[in-house]
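Novice: For this one, chain A is given, so just place chains B and C on it according to the hints.
Protein chains in written order, with full-length UniProt numbering: chain A, 1 to 268; chain B, 1 to 345; chain C, 1 to 299.
Incorrect hints may appear among the rest.
Here are the simulated SDA-like pairs of lysine to any residue, each with C-alpha atoms no more than 25 Å apart in a straight line [what the hints assert, rightly or not]:
id	chain 1	residue 1	chain 2	residue 2
1	A	K88	C	S104
2	C	K264	C	V64
3	C	K172	C	V64
4	A	K247	C	G52
5	A	K88	C	S250
6	A	K220	C	S250
7	A	K88	C	A66
One-sided and incomplete, this derived list gives chain A residues near chain C with beta-carbon spacing under 10 Å [what the hints assert, rightly or not]:
id	residue
8	A80
9	G201
10	Q205
Sample of chain A residues lacking proximity to chain C, with all beta carbon distances greater than 12 Å (derived) [stated by the list, open to error]:
id	residue
11	D16
12	E22
13	T32
14	A35
15	L202
16	V221
Keep in mind that the hints were calculated from the coordinates and are not lab data.
For glycine and all other residues, C-beta sits at the position ideal for the given N, C-alpha and C.
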Amino acid sequence: MPLDTSSYSLALLRLDGRRWNELRRIHAQISTQAAVDGSSYLEMGNTKIICTVTGPAEGRRVGGGGSGGEATIQVEISVAGFSGVDRKKSGRGDRRIFELSYTIEQAVQTTLHTQNYSGSTISINLHVLTQDGSLLAALINAATLALIDAGVPMSDYLCACTAGSTTNTASSKGAPRPQAALPGLSSLDEEADDPLLDLNGLEEQELPFLTVGTLGASEKVVVCIMETRVQATRLEEMLAVGVDGCKRVRSIMDSVVRDHGKRMVDEG
Amino acid sequence: MPISILPPAPAPSISYGADPSDSDDDFDLDGDIDMEGTSRGLKRPRTSQRHIVTPGELVTDDTQWMRGHGAYHPPDSTAIHSSVFGTILKTNKLLSIIPLRARYTPEIGDLVIGRIIEVQQRRWKVEVAAPLLASLPLSGINLPGGALRRRTAVDELNIRNFFTEGDLLVAEVQSVYESGQATLHTRSTKYGKLRNGFFMSVSGAGGGGLARKGGIARSRRQVFTLSTGRGGGDIDVILGVNGFIWIAKHVKPKMEEGPNRLEESVSMDVYSSQNNDIGVETRREIARVAGVIRALVEGGRRVDEEMVVKAYEVSLEMEEGMDVEGGDFLGGEKGRRVVEAVMSG
Amino acid sequence: MPREVELSNNERDFILGALRQGLRLDGRGQDVYRELEISFGEEYGVVDVRLGKTRIVARISCEVVAPYPDRKFDGVFVISTEFSPMASPAFEVGRQNQDEIILSRILEKAIRRSSALDTESLCIIAGSKCFSLRADIHVLDHDGNLIDTACAGLVTALQHFKRPDVEVQGEKVTIFTAREREPVPLSMLHHPLCVTFSYYDGGQIALLDATFAEEQVREGEIIVTMNRNGEVCQIAKYGGVAVDALAILSWTNMALVKVQAMTKVIQARLKEDAERRDKDGIAAELRADNDRPSERPHG
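Only chain A is shown next, with the shape it has when bound in the complex (with noise of 0.2 Å):
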């Protein structure tokens, strides 16, 4: 069922009552489990994450030692069986999550500075309790702010987020465009297509969207994965967007994290 975008170009608030810059709301908590080294609780919309981290420490040696002086990083993702529309069991050998996985595993082992725990590994647990798109952003920021808490010193947040674009055309079904169709000519609708922030689930399934997780409030892409098909001519607002929502999320994350430091120095 194609989503109602009709009253989009009227009122200009989505299915949520969003404008097209606006973030959902972000609530989040460090240090939520005595048990781990680091720990995170991390709402974006509907999507809920629990992240723990563990380490560094020495753990079993996967696969013939450290590398090169570096801590070794295990991104544990499980999907609670609840967490989607309808109840799925996801097994253990889903390539998507080994994706997932491999993305935050890449993406922490360049933003974490683990040249002094050479033959340690850290294991990073993530728990989705709800789905409701941005999962891979939501996964992101977790483990980020779990990593904080565990004191696992890092150039800057990792920090991701979503940003789609309005019209799809590009990405009907049916119909193959003209092959003639010159590059960069972008599709005749150009004025109703708007780039959008943050998407929840209902639009990441009818819209083309990608994950942007940049370094901090610079404009260095760490993360970037899409999955839909778009015109290239789009993907320049997209991204403009995508990282500018980061820089967003960054502060949130920072004012959670100051917060709760500064609770710690006040008592005790």
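Specialist: Then chains B and C, alone, in the frame of chain A:
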């Protein structure tokens, strides 16, 4: 006997949600974002212990400062940025950031509690909650039978008679390698195998004494004996710097009289894995001490001798003051009251 | 587990040093692909693709099965990848390594999710019969840039493959062998191709078609899948060192040029092969969409 159903203890009031600064309602959607000092270049680093820095934050761009732990230079820049979440510590011209919470990092002289994970040819691998397992060489323990005796091949063969997998021990950090791996020793009667008691651990113990709350602080006395009421006798409490805690019945060391001093007369008893007889009263008081420590940790307080002793006394008074059902359990509301009483008293 | 031989530190320095001076070990420019060699097998849908020493074989096969109950109007399309131990000692049979899962995920997203293949055209009778298409990708030799090679191989094989013709009369389905009727090519909506950028020095240097040694020293990679119409089908940058957002945009522009060039090579080779098979011009006469008079053909 009438059945009484106790009302559920009220949920611990964590005020995260109520904090107005958590909500993003006051967020300016179209305006630019205040990065809370990250974009401002500070000439002089702030020294307040209350000032918190977060990863990526610019601490100073003044070149006179040297970068210590928890700080880094971004590529092609001499400014110092923080890499952890913590408070700034200045030592002369050295700037380091002490993380509010971190895993334990071994330092020479630390008293730690560890668990034997692996037995090797002539050393043990000990889990001390550090990034790497610590190692306890056979030469780092007091061998039974006589003064500083040479270790022999027989000792190597019988290595499991001293410590075996799963044993807990208290030891001192003798040296730390460049990789961060610690070497331990137990060459004192204070150290050795742990018996007659109860183990608990506190996470996030690392990060250094100044800023850290809700954990064990490095202090003058990590090991102390508590004389308890209610016929519990004496109880030993060992607070490992690494966040591991051992609470046990106090057993008088057997002083073997002789011309030689204590140190030289280590008998095989030190490595015994048998518990002594422990009375019910002692067990109850051990549990109470554990409950007190747990309440202190949950309340985010420092755990050291002074606090534990004070909290233990408060809990005893409370116990006598009111005759509540529910036994000696010190969780939830009751634990919080104990902590409050300690802080006010 | 046998491991791939790692480069020594000096080799790393050497390769990086050369790159900083604008040189690659094999003398190519930074944005130059190795020559794409494509050869076809006797059967339809068997393609052997080489890019330098990297070599993959793609084979398409099909059978008639019942469609999935939740997608009655779609045929089945499965992509399976296999890393042969002959390509590298690090590959083991039966055990999936990380690169293999990533490769199959990329192909899945590039071809299946972007609906390059019109799976509805594989349906014979809704809900009861459809074609199940299976693409097997075998990696025979590995000298870097597996993803681009595999994607090019798969897309070429899909264009080369022809499925048997079918005729439906009510509930009765007749499947014709290649002798009875000329098989039908698949209906493709667009032809996506992957372009992998390996970057160094925080995005200062970006290489196309990196060799295995160059892949080992890279700081990160970004895989862009595009078709010649300028649509981006997929972008994947799994971590790695951070790069500027603008660099990503300029790389997609560069990718488009490469995709158009590669598409041209592939189309030319497909045409050559079609001409070779069609020596007497008989194919035109046998085409399924010709009229089929019920009586004997003229002649």
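Novice: Evaluate each hint against the coordinates.
Specialist: So, going through the hints one by one against the coordinates:
no.: 1; hint: A:K88 to C:S104; result: holds (23 Å)
no.: 2; hint: C:K264 to C:V64; result: violated (33 Å)
no.: 3; hint: C:K172 to C:V64; result: holds (14 Å)
no.: 4; hint: A:K247 to C:G52; result: violated (43 Å)
no.: 5; hint: A:K88 to C:S250; result: violated (40 Å)
no.: 6; hint: A:K220 to C:S250; result: holds (14 Å)
no.: 7; hint: A:K88 to C:A66; result: holds (23 Å)
no.: 8; hint: A80; result: violated (22 Å)
no.: 9; hint: G201; result: violated (17 Å)
no.: 10; hint: Q205; result: violated (12 Å)
no.: 11; hint: D16; result: holds (25 Å)
no.: 12; hint: E22; result: holds (21 Å)
no.: 13; hint: T32; result: holds (26 Å)
no.: 14; hint: A35; result: holds (28 Å)
no.: 15; hint: L202; result: holds (18 Å)
no.: 16; hint: V221; result: violated (5 Å)
Consistency note: the structure conflicts with the earlier hints numbered 2, 4, 5, 8, 9, 10, 16.
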